[in-house]
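Just so we're aligned, residue 1 is where the sequence shown starts under UniProt numbering, counting upward by one.
I should point out that these hints are in silico values taken from the structure, not numbers from a laboratory. Each hint should be verified, as a subset may be incorrect.
So the derived label-pair ranges between C-beta atoms look like this [unchecked claim]:
hint : residue 1 : residue 2 : range
1    : Val101    : Ala71     : 29 to 37 Å
2    : Glu48     : Asn15     : 19 to 27 Å
3    : Gln98     : Asp2      : 33 to 41 Å
4    : Phe49     : Met1      : 21 to 29 Å
5    : Arg96     : Thr54     : 14 to 22 Å
6    : Leu102    : Ala47     : 19 to 27 Å
7    : Gly105    : Gly17     : 18 to 26 Å
8    : Ser132    : Asp2      : 39 to 47 Å
9    : Glu94     : Val60     : 20 to 28 Å
10   : Asn82     : Phe49     : 16 to 24 Å
11   : Arg129    : Gly72     : 33 to 41 Å
12   : Ala76     : Arg96     : 29 to 37 Å
13   : Asn112    : Thr88     : 32 to 40 Å
14   : Val65     : Glu94     : 28 to 36 Å
This one's a predicted model, so the numbers in the text were calculated from it and none came from an experiment. Beta carbons are placed, not taken as given, at the ideal position from N, Cα and C, and that holds for glycine.
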Amino acid sequence: MDSKALITAYYAAFNAGRTDEMLSYLHDDVEHHVNEGGIRRGKEKFAEFNAHMTRCYREVLTDIVIFANEAGDRAAAEFVVNGTYLATDEGLPEARGQKYVLPAGTFFTIRNGKIARVTTYYNLTDWTRQVSA
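Required output: the full structure, derived from the provided sequences and hints.
Shown next, in the form of structure tokens:
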């Protein structure tokens with residue numbers, strides 16, 4: 001599968017809440033660069049992150065646009081996160097079912113037909129303002 005199809009499948013699984021399927025698109029040595037956080041290495045850490053996110057947030061991505069280089073080893077996606085804050089995340093405002101809409105983007109490295117790096121960016125200050133209103 002080409003890199004655009006790979007990223008499309010990855011986000012389709014995300015939007016359907018199929019986090020186990022998302023793992024199938026990842027390289028075993030995936031590096032997950034968390035927005036304003038550290039780097040999680042390996043599928044197990046990615047699965048732990050997904051479980052935490054599923055507990056705290058319900059999100060659907062819309063307006064997804066995927067870009068890829070000709071070599072197929074790098075890709076990017078721009079999208080809008082439409083979310084509900086379900087459970088208080090440590091160090092963040094209290095969750096009360098607040099809705100938020102947030103532009104975001106992710107950069108990917110592709111290796112051997114799998115996603116080897118996921119780096120996501122969004123404006124945490126904007127998110128905090130929305131859930132604190």
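Evaluated hints:
A hinted range of 29 to 37 Å for the beta carbons of Val101 and Ala71 is consistent with their spacing of about 34 Å. For Glu48 and Asn15, the hinted distance range of 19 to 27 Å is satisfied, since their beta carbons lie about 21 Å from each other. For Gln98 paired with Asp2, a C-beta distance near 38 Å keeps the hint of 33 to 41 Å intact. Between Phe49 and Met1 the C-beta distance comes to about 24 Å, which sits within the given range of 21 to 29 Å.
The beta-carbon spacing between Arg96 and Thr54, approximately 18 Å, falls within the hinted interval of 14 to 22 Å. Leu102 and Ala47 have their C-beta atoms about 24 Å apart, which keeps the hinted 19 to 27 Å range intact. Between Gly105 and Gly17 the CB atoms are about 21 Å apart, so this pair conforms to the stated range of 18 to 26 Å. In this structure the hint that Ser132 and Asp2 lie 39 to 47 Å apart at CB holds, the actual value being about 41 Å.
In this structure the hint that Glu94 and Val60 lie 20 to 28 Å apart at CB holds, the actual value being about 23 Å. Asn82 and Phe49 have their C-beta atoms about 20 Å apart, which keeps the hinted 16 to 24 Å range intact. The beta-carbon spacing between Arg129 and Gly72, approximately 38 Å, falls within the hinted interval of 33 to 41 Å. Between Ala76 and Arg96, the C-beta spacing of about 33 Å keeps the proposed range 29 to 37 Å intact.
Here the CB-CB span from Asn112 to Thr88 is close to 39 Å, well matched to the stated 32 to 40 Å. Remark: the range hint 28 to 36 Å for Val65 to Glu94 is upheld by a beta-carbon distance near 33 Å.
Hint check: no violations occur; every hint is consistent with the structure.
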